Amino acid sequence: MIEPAAGWTAIDLREIWRYSELLYFLTWRDIKVRYKQTVIGAAWAVLQPFLTMVVFSIVFGRLMHVSSGAVPYPVFSFTALLPWTFFSTAISRSGTSLVLSANLISRVYFPRIIVPLAAVLGATVDFAIAFVILLGMLLFYGIVPGIAILALPFLIVLAILTAFGVGFWLSALNVKYRDIAFAIPFLTQFWLFVTPVVYSSSIVPQKWRLLYGLNPLAGVVEGFRWALLGQGSAPSGLIAISLITVIALLATGLVYFHHVENEFADVV
Amino acid sequence: MMGDVAIRVENVGKQYRIGGPSDAYGTLRDAIAGAARTPFHALRHRGSRTCTEEFWALRDVSFDVKQGEVLGIIGRNGAGKSTLLKILSRVTRPSTGRADVCGRIGSLLEVGTGFHPELSGRENIYLNAAILGMKRAEVRRKFDVIAEFADIGPFLDTPVKRYSSGMYMRLAFSIAAHLEPEILIVDEVLAVGDAAFQEKCLGKMRGISQSDGRTILFVSHNMDAIQHLCSRCILLDHGRIAATGDCRATIARYLSIAREQARPDDWIDLSSHAGRSGTGEARFKAVQYRSDRCSVGFQPYSRGPLDIMLAIESNSARSIGSLAVIIADQSGTKLINADTVLRDLSVDLQRGLNLVKLRIREVNLNPGVYRLGLWLADPLRVHFTDRPFDYVESAIEFEIVNVEAGGNGRHPDAVVPCEFDLLPVD
Chain A
1 MIEPAAGWTA
11 IDLREIWRYS
21 ELLYFLTWRD
31 IKVRYKQTVI
41 GAAWAVLQPF
51 LTMVVFSIVF
61 GRLMHVSSGA
71 VPYPVFSFTA
81 LLPWTFFSTA
91 ISRSGTSLVL
101 SANLISRVYF
111 PRIIVPLAAV
121 LGATVDFAIA
131 FVILLGMLLF
141 YGIVPGIAIL
151 ALPFLIVLAI
161 LTAFGVGFWL
171 SALNVKYRDI
181 AFAIPFLTQF
191 WLFVTPVVYS
201 SSIVPQKWRL
211 LYGLNPLAGV
221 VEGFRWALLG
231 QGSAPSGLIA
241 ISLITVIALL
251 ATGLVYFHHV
261 ENEFADVV
Chain B
1 MMGDVAIRVE
11 NVGKQYRIGG
21 PSDAYGTLRD
31 AIAGAARTPF
41 HALRHRGSRT
51 CTEEFWALRD
61 VSFDVKQGEV
71 LGIIGRNGAG
81 KSTLLKILSR
91 VTRPSTGRAD
101 VCGRIGSLLE
111 VGTGFHPELS
121 GRENIYLNAA
131 ILGMKRAEVR
141 RKFDVIAEFA
151 DIGPFLDTPV
161 KRYSSGMYMR
171 LAFSIAAHLE
181 PEILIVDEVL
191 AVGDAAFQEK
201 CLGKMRGISQ
211 SDGRTILFVS
221 HNMDAIQHLC
231 SRCILLDHGR
241 IAATGDCRAT
251 IARYLSIARE
261 QARPDDWIDL
271 SSHAGRSGTG
281 EARFKAVQYR
291 SDRCSVGFQP
301 YSRGPLDIML
311 AIESNSARSI
321 GSLAVIIADQ
331 SGTKLINADT
341 VLRDLSVDLQ
351 RGLNLVKLRI
361 REVNLNPGVY
371 RLGLWLADPL
381 RVHFTDRPFD
391 YVESAIEFEI
401 VNVEAGGNGR
411 HPDAVVPCEF
421 DLLPVD
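First to last, the sequence lines map onto chains A and B.
Per our numbering, the first sequence runs over residues 1 to 268.
Per our numbering, the second sequence runs over residues 1 to 426.
No lab work stands behind these hints, which were simulated from the structure alone.
A portion of the hints provided could be inaccurate.
[Stated by the list, open to error] If you want the footprint, here are the derived chain A segments under chain B, 3+ residues with CB under 8 Å:
(1) 94-108
(2) 123-135
(3) 255-268
Please read all numbers here as calculations on a predicted model, not as lab measurements.
Here a beta-carbon is modelled for each residue, glycine too, at the ideal position from N, C-alpha and C.
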């Protein structure tokens with residue numbers, strides 16, 4: 001039954017599930033295609049956070065003496081760069097994903113949400129590759145994660161969900177307002193500074209911590225340090241606030257996306 | 001509920017906004033550029049300035065397709081064919097009306113949708129099949145058949161960006177043809193590819209419809225393919241169904257309108273028009289027609305006004321006693337003859353180019369396609385020489401559309417004299 005779009009309707013999750021194979025193939029295509037015709041291929045997934053870590057260690061660790069607590073600055077920043085790099089790549093890729101799939105969207109029907117989903121999932125593979133490097137670094141510095149490492153999957157899921165939520169918003173907006181594509185690099189840059197990547201969240205004054213927690217990445221990044229480096233205590237307070245933001249982002253993102261997806265083929 | 005009907009389309013319309021604010025991407029730059037462009041735009045299309053808001057790509061389209069039927073959809077570019085297919089394949093939503101589709105739809109809107117140039121043929125088979133809605137197990141089962149039908153042999157593991165367009169097309173068609181949907185939507189596949197492969201595609205499609213009893217909607221400009229494949233045809237024109245039924249008749253109709261149906265508000269050059277007679281001392285150089293409703297693109301409509309602008313070139317200054325616009329139906333029967341001689345009007349032509357505007361206040365004609373004839377003569381002289389200055393029996397074809405909501409706009413077939421005026425040209 002095909003009818004004119006009628007305002008706000010329910011999201012058909014079952015339908016998205018029916019297209020899960022397409023989600024798999026689009027993710028697979030993203031990964032497969034990304035490093036084609038590059039010389040070092042998937043090594044880029046490692047090189048990006050690694051080189052950033054080197055620069056950060058020199059600038060913030062050596063020159064500016066930013067405190068990294070008991071752990072060496074390189075491993076301190078790399079642990080944070082891992083989820084951060086994942087997040088920033090995921091939102092920039094998913095943000096532009098719909099526009100880049102314009103020829104698909106204007107010709108074939110499938111739940112449009114598959115496209116930003118696949119873009120985010122594609123970034124998790126880079127994350128997994130870079131994670132191996134982190135394990136190597138832990139080994140190098142002789143750091144053995146404690147039992148807290150069991151919380152890691154939860155933190156990863158939280159980062160993925162945040163990327164989904166932001167990705168839904170950005171990709172849907174970008175279809176109509178191409179300004180978004182230009183705003184994304186700025187957004188990620190800004191976001192980097194409100195996330196404890198180069199510094200430790202312990203320098204944030206207590207009275208601002210509540211506000212700080214609204215950034216879901218703050219909880220995720222601190223959680224990573226806690227789970228892998230045993231640094232500080234479980235950032236449960238931050239994460240509790242983050243959860244609210246994530247749920248809000250996801251819910252509004254889904255609703256907005258669903259509301260405008262009928263127009264995509266006409267506008268894109 | 002729907003019996004043996006596979007697709008039922010009821011009053012489907014699709015409206016696009018063109019030129020309006022929502023057409024722009026909404027960036028500041030576009031807004032500025034838009035403001036700068038608008039004055040010129042308005043100058044060029046004087047009068048159509050108010051018509052930036054809406055455009056109906058499809059209007060009141062209704063039809064049924066039976067299970068196992070192969071329906072051809074024909075029409076000129078921009079007639080609404082692709083929009084219709086997009087609605088049926090759920091790519092876009094209709095603005096009005098509804099469509100019921102019974103069964104899984106596989107659509108092949110343009111070849112190679114979703115092919116990634118960097119991926120190999122093998123990888124693209126899996127990817128494209130997933131995009132078209134095939135399950136992985138299903139693809140694995142049919143993989144060899146698909147590859148064999150595509151006939152790309154040793155290139156299966158080569159990136160498709162290195163393929164020739166023929167290979168690319170064969171692979172794409174092969175995947176879609178093995179999709180086994182209950183309803184297959186095919187748009188312009190046969191535009192590329194060699195004759196042998198086209199024959200193979202046609203054979204495959206025939207097989208799909210006949211032996212498997214599946215329904216196919218087939219859009220093509222290849223009338224031969226349509227005639228071979230389809231049991232029935234729909235002719236779309238300006239977003240409406242202009243004809244439907246037997247392929248041969250519908251195609252004949254298409255060919256007649258495809259020849260020379262000019263758009264309203266465009267100057268149509270007649271200087272090299274072959275079907276004319278006369279001395280040529282004064283002759284029609286160009287013609288333009290329009291009505292007054294921008295919502296139908298200034299297309300004339302039943303009982304609406306019809307303005308006809310004529311550019312006439314004369315080799316000397318003269319007064320013309322008989323300037324006429326003749327409207328005939330498709331079979332050539334004259335229905336309206338708006339002749340200045342009937343009203344004792346004369347037209348003074350200067351040497352060189354002249355513009356004359358003639359208005360028929362109310363066109364009492366049913367919606368349909370008509371021919372416009374033009375006549376220019378001196379009523380006294382034509383008696384002696386038996387030749388007018390210029391007579392173009394069928395200068396252009398134009399359509400009278402139906403703008404009445406609800407009713408079918410059917411008038412009695414009688415011909416009523418039309419009031420007309422000669423208007424000053426500004």
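Hint by hint, here is what the structure shows:
1. 94-108: Since three or more residues must qualify, the claim that chain B covers the stretch 94-108 of chain A holds, with 6 doing so at under 8 Å.
2. 123-135: Since 0 is below three, the answer is violated.
3. 255-268: Contact hint for the stretch 255-268 of chain A vs chain B: holds, 3 residues under 8 Å.
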